[in-house]
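Protein chains in written order, with the working numbering: chain A, 53 to 327; chain B, 53 to 327.
Derived from the structure by calculation, the hints contain no laboratory data.
The model shown is predicted, which means the values in this text are computed figures rather than measured ones.
A few of these clues could be false.
Which copy is meant is left open, so a pair is good if it fits within one copy or across any two.
To be verified - Simulated pairs of lysine to aspartate or glutamate, DMTMM-like, Cα-Cα distance not exceeding 25 Å:
{"no.": "1", "residue 1": "Lys309", "residue 2": "Asp126"}
{"no.": "2", "residue 1": "Lys211", "residue 2": "Glu240"}
{"no.": "3", "residue 1": "Lys211", "residue 2": "Asp55"}
{"no.": "4", "residue 1": "Lys211", "residue 2": "Asp280"}
{"no.": "5", "residue 1": "Lys211", "residue 2": "Asp142"}
{"no.": "6", "residue 1": "Lys250", "residue 2": "Asp55"}
{"no.": "7", "residue 1": "Lys132", "residue 2": "Asp263"}
{"no.": "8", "residue 1": "Lys211", "residue 2": "Asp165"}
{"no.": "9", "residue 1": "Lys250", "residue 2": "Asp263"}
{"no.": "10", "residue 1": "Lys250", "residue 2": "Asp224"}
{"no.": "11", "residue 1": "Lys211", "residue 2": "Asp108"}
{"no.": "12", "residue 1": "Lys93", "residue 2": "Glu77"}
{"no.": "13", "residue 1": "Lys211", "residue 2": "Glu242"}
{"no.": "14", "residue 1": "Lys132", "residue 2": "Asp55"}
{"no.": "15", "residue 1": "Lys309", "residue 2": "Asp266"}
{"no.": "16", "residue 1": "Lys148", "residue 2": "Glu129"}
{"no.": "17", "residue 1": "Lys148", "residue 2": "Asp263"}
{"no.": "18", "residue 1": "Lys250", "residue 2": "Glu96"}
{"no.": "19", "residue 1": "Lys250", "residue 2": "Asp160"}
{"no.": "20", "residue 1": "Lys250", "residue 2": "Glu314"}
{"no.": "21", "residue 1": "Lys211", "residue 2": "Asp126"}
{"no.": "22", "residue 1": "Lys211", "residue 2": "Glu56"}
{"no.": "23", "residue 1": "Lys250", "residue 2": "Asp311"}
{"no.": "24", "residue 1": "Lys211", "residue 2": "Glu101"}
{"no.": "25", "residue 1": "Lys250", "residue 2": "Asp163"}
{"no.": "26", "residue 1": "Lys250", "residue 2": "Asp218"}
Number of protein chains: 2
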Amino acid sequence: MLDEALLSINQVTLMQQWSLRQAIEGLTRHGLRGISIWRDKLHEMPLEEAVRLVGDYGMTVSGLCFAGLITSPDRAEAAKARDEVRRAIDEAAALKARCLVFVAGGVDPRDKDIRSARGRALDGLASLVPHARAAGVRLGLEPLHPMICATRSVLSTIKLANEWCDALAAEDAVGIAVDTYAVWWDPELEAGIARAGKRICAFHVSDWLPDTQDLRLDRGMMGDGVIDIPAIRRMVEAAGYTGQREVEIFSARNWWKRDADEVIRVIRERYQTAV
Amino acid sequence: MLDEALLSINQVTLMQQWSLRQAIEGLTRHGLRGISIWRDKLHEMPLEEAVRLVGDYGMTVSGLCFAGLITSPDRAEAAKARDEVRRAIDEAAALKARCLVFVAGGVDPRDKDIRSARGRALDGLASLVPHARAAGVRLGLEPLHPMICATRSVLSTIKLANEWCDALAAEDAVGIAVDTYAVWWDPELEAGIARAGKRICAFHVSDWLPDTQDLRLDRGMMGDGVIDIPAIRRMVEAAGYTGQREVEIFSARNWWKRDADEVIRVIRERYQTAV
């Protein structure tokens, strides 16, 4: 049996059903205390109110999702994007989130230059480290699936995330978020996770559906796809990760349409059988 | 100016418009002699007739697409799949194709074991090498995009293709097909291509549309997306590849709906400006 105290549910999994207040109350009804907060939802109320809510209900925030998208080749745009990351860092600090999930940003059609986009992301990150460090927040660099490389993240593998961490040399302020959905296909997954070791600051789970119909919003419930999630969990835990296992399912055609309490019941069941 | 003698058009680009005969006649009208033949189209006529047609029109066949899908955990299914590859090898030999594009196969929901699927693909390949060698056909191992890893190919990177080539030790019978669409996101692209060197037996081009709407059938025309195709072409050619540049566009919502002659006109133009 996996410990339910380490089960966290990313709010995006119930994006269409619940506000932040409803999510916290709902998870509590099911005896769960782990949540990852989605920034769009967070902004529905004053930050102070969210912080109070999280405290009153004794929630443990596995992550704040997300900030980043700093790869613009336009200097003013990139500076504005970095300022937004700083705001998110402050929010993550207030919420005592285990990490702020960092999504690099994509390839700009204006220059079609993935190598430069990666360079800008790394340089931008370096300039954000002092703010994260001062706030006591860890940025969780999340490699995303190569299918959203153009639009969301030029950080496509754990290996590259490790290289960025090496370059940043800021282990206190920068870690790696491992998401099964994003990395399961990687031939070097095991080596990448082992090398990441204590850098791993978040572990997200969902499954890959063989009949996937959308590049972002068609993730599967653990057990419904072809990812051997327990094998990846064991790799992550063998590398030294002892934190929460966070369920993050974007599912426009299935789980977003279901009753939230039913979704949570299925997650709790699958947490034991398929995580 | 790129030499049009090295421009090849994969039949799948005109999948909805033309039969094999129409494609050969149509390309000839535009002064083109390079074609990659799609097996479903090939099977519309007796092989001998196709061979005669290719010879009569003086076409150079950059590839026969495709064979493989040999990752089944069921022994009988896998054996049947390998037999089908042998048939394709014989077809490729008859057509004097520069290579037979090899697509490994996906992850079986029955075992959800990507590592075993990769092992079975490599073992299966090893058992196919003697037939390919005897037929004088080169198998072009094609890494496919990780987004079709579950259904089509557990061979997801050029690095893994190089490792398989190392293991097979059969440079005469096994090469690598580099497809810009499949590999453009790879942080180790340049190193992988350089290491592949003379193994590269095919170079496929198409572009990644930022608003991609389908995991397989929404590729873009060169120049319409965010891939720096000329940069990748230069890498491939610097590695020693001197063969055809093959345009392979699956496009259910755009190019498959257009007049075939218009598609070819656009390809010829983009070949000069975006390849």
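Against the structure, the hints:
no.	hint	verdict
1	Lys309 / Asp126	neither (39 Å within a copy, 36 Å between copies)
2	Lys211 / Glu240	both (8 Å within a copy, 10 Å between copies)
3	Lys211 / Asp55	neither (30 Å within a copy, 38 Å between copies)
4	Lys211 / Asp280	both (20 Å within a copy, 23 Å between copies)
5	Lys211 / Asp142	neither (28 Å within a copy, 40 Å between copies)
6	Lys250 / Asp55	within (21 Å within a copy, 53 Å between copies)
7	Lys132 / Asp263	between (38 Å within a copy, 24 Å between copies)
8	Lys211 / Asp165	both (20 Å within a copy, 21 Å between copies)
9	Lys250 / Asp263	neither (35 Å within a copy, 36 Å between copies)
10	Lys250 / Asp224	within (10 Å within a copy, 45 Å between copies)
11	Lys211 / Asp108	neither (39 Å within a copy, 51 Å between copies)
12	Lys93 / Glu77	within (14 Å within a copy, 58 Å between copies)
13	Lys211 / Glu242	both (10 Å within a copy, 15 Å between copies)
14	Lys132 / Asp55	neither (41 Å within a copy, 45 Å between copies)
15	Lys309 / Asp266	both (16 Å within a copy, 22 Å between copies)
16	Lys148 / Glu129	neither (29 Å within a copy, 53 Å between copies)
17	Lys148 / Asp263	neither (38 Å within a copy, 36 Å between copies)
18	Lys250 / Glu96	neither (34 Å within a copy, 58 Å between copies)
19	Lys250 / Asp160	neither (32 Å within a copy, 32 Å between copies)
20	Lys250 / Glu314	neither (35 Å within a copy, 56 Å between copies)
21	Lys211 / Asp126	neither (27 Å within a copy, 33 Å between copies)
22	Lys211 / Glu56	neither (30 Å within a copy, 39 Å between copies)
23	Lys250 / Asp311	neither (37 Å within a copy, 56 Å between copies)
24	Lys211 / Glu101	neither (39 Å within a copy, 50 Å between copies)
25	Lys250 / Asp163	neither (36 Å within a copy, 30 Å between copies)
26	Lys250 / Asp218	within (13 Å within a copy, 33 Å between copies)
Violation of the numbered hints given earlier is confined to hints 1, 3, 5, 9, 11, 14, 16, 17, 18, 19, 20, 21, 22, 23, 24 and 25; the remaining hints are satisfied by the structure.
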